[in-house]
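Got two chains here, each in a separate frame; can you build the complex from them with the hints?
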Amino acid sequence: MSDTTTITNILTVVLLLTGAFFMLAGTIGFVRFPDFYSRMHATGKCDTLGEGLMLVALIVYGGATFVSVKILFLIMFILLANPTSTHAIAKAAYDVGLEPWRKLDDEVEWVAVRTESIKTEVKNDDLDT
Amino acid sequence: MNIKHFIATYTIVFAFWLLLSAHFDAFHVGAGIVCSTIVAYASHDLLFTGTGNHTLTKIVRFIAYLPWLIYQIVLANIDVAKRALSPGMPIDPRVVTFKTMLESDVARTALANSITLTPGTVTIDIVDDVFYVHAIAKEPADDLLEGAMERRIAHVFMED
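Protein chains in written order, with this note's numbering: chain A, 253 to 381; chain B, 1341 to 1500.
What the hints contain is simulated information worked out from the structure, not anything from laboratory work. Some clues are possibly wrong.
Keeping only pairs whose Cα atoms sit at most 27 Å apart, straight-line, the calculated DSSO-like set for lysine-lysine is [claimed, not checked]: (1) Lys1478/B to Lys1422/B; (2) Lys1439/B to Lys343/A; (3) Lys1398/B to Lys1344/B; (4) Lys1439/B to Lys1478/B; (5) Lys1478/B to Lys343/A; (6) Lys1398/B to Lys1439/B; (7) Lys1422/B to Lys343/A; (8) Lys322/A to Lys1398/B.
Pulled out of the complex, with its shape left as it was, chain B reads as follows (with noise of 0.2 Å):
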């Protein structure tokens, strides 16, 4: 057992607890030390995996980028309520492919994710390194292929 990942797994289920409760009498703080005992010890090897190093880089990388992805989500609203209530309702969809460079599991969902929530496409399937998206019209699917998205992605896990 990595004592190291314990105690911070324990630290974070710790102050996880006592945000949520918001109970500060010895009874819940009693209880929140056993239960995040139990929880920290069956689950430490799970929240730091160990593979990756930078990680303070990399959180402050992701924080940074999440402006930009609420930020397009907003896009991604606005562009589907209008395909939605226009009467023409100007769709045209399709499902497109394309090869990802990004190597780990972490940076592989968090760019499926961003491709589900940006403007037109969703996340289909994941085949070895090949995206499946499906595209509601062509704009967002050449958007998508032009690769903007997945370069900010390789940038905040270090992978360019």
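Chain A with its partners taken away, still in its complex shape (with noise of 0.2 Å):
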């Protein structure tokens, strides 16, 4: 094996690693997120660069033929259709009205605020009886 092949193997191989890394990321956080829109922005930028990564990886192993030209159209093609279909679907969960998740500034004061809340109803269930 000459030292050409070694050093494009070797470069393949971290490409595609570091595809797949970025695809996994991508996954956990559509997994681990809490709503629709948190979790578009996981799927939507993770794949992006990790299919990218991997058909760049190809294209160093497969070197200056017609099928790496046609690779290179398929990362365009990616880079155009991928955050127009992010747009569509969160655009779509817009239209229907489905309210993004809110943290909260302060989870104590949220709770103090519900805990008064409650005391008050009950207080006035107390009252009315």
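Put into structure tokens, the structure is as follows:
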């Protein structure tokens, strides 16, 4: 095996692994994130770079052939289609009125507010009877 | 029918055919000529809308814009990976809106797609000239509202 082939192989493996890592991170994000919109962040971005890196790895491995040019067109298509479809799905969810998940600034305060409102409710119930 | 647009579309479509087929015998090239003619005739007024000028400058500027965009995509991925994998999951999603100064559809599409690809923000909707953007935390939303990307897009499409 000559030196150039070794370097090509190493580069291919590194690119494939990096791509796989980002795909994995995106999938973990998809499972862990709390609501629809934040999940779109995970899938919309990590898929673009993950797939892009893997396709670049294939170009590096294949060399300057017609197949490489076709793969290059695939990368350009993914770059264009991925954010567009992400936007389309997010817009569909927004149009049907799905509310984005909000993290409260102070969870302790929120608990206090909840407790207060429950107390008031109970007190009012007592007054009624 | 605008003959200049037809010829330009024909050239692009036929070059694309040759690239994808990679066969240069009489049958494949002949089929390419027939198909390109039909496609170019049907879609010659789609590719070049004829509204803008300085098309070449815009294309050159857009190609110059791509490396920055790819760099932003890499940053976005590292950002999402970090948020997804860290145990505390530091996210605080919110929806922000801002008014754009961009006029043309192409420029707005480019901005919307760039927002989706850059760290922490996804475009949800565009109503008239207001962008609705979902941000995963406070910092990306602030960065977006600061407007650096919009100025870059405006420069690319010569609307500044």
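Against the structure, test the hints numbered earlier, and report the numbers of the ones violated in rising order. none
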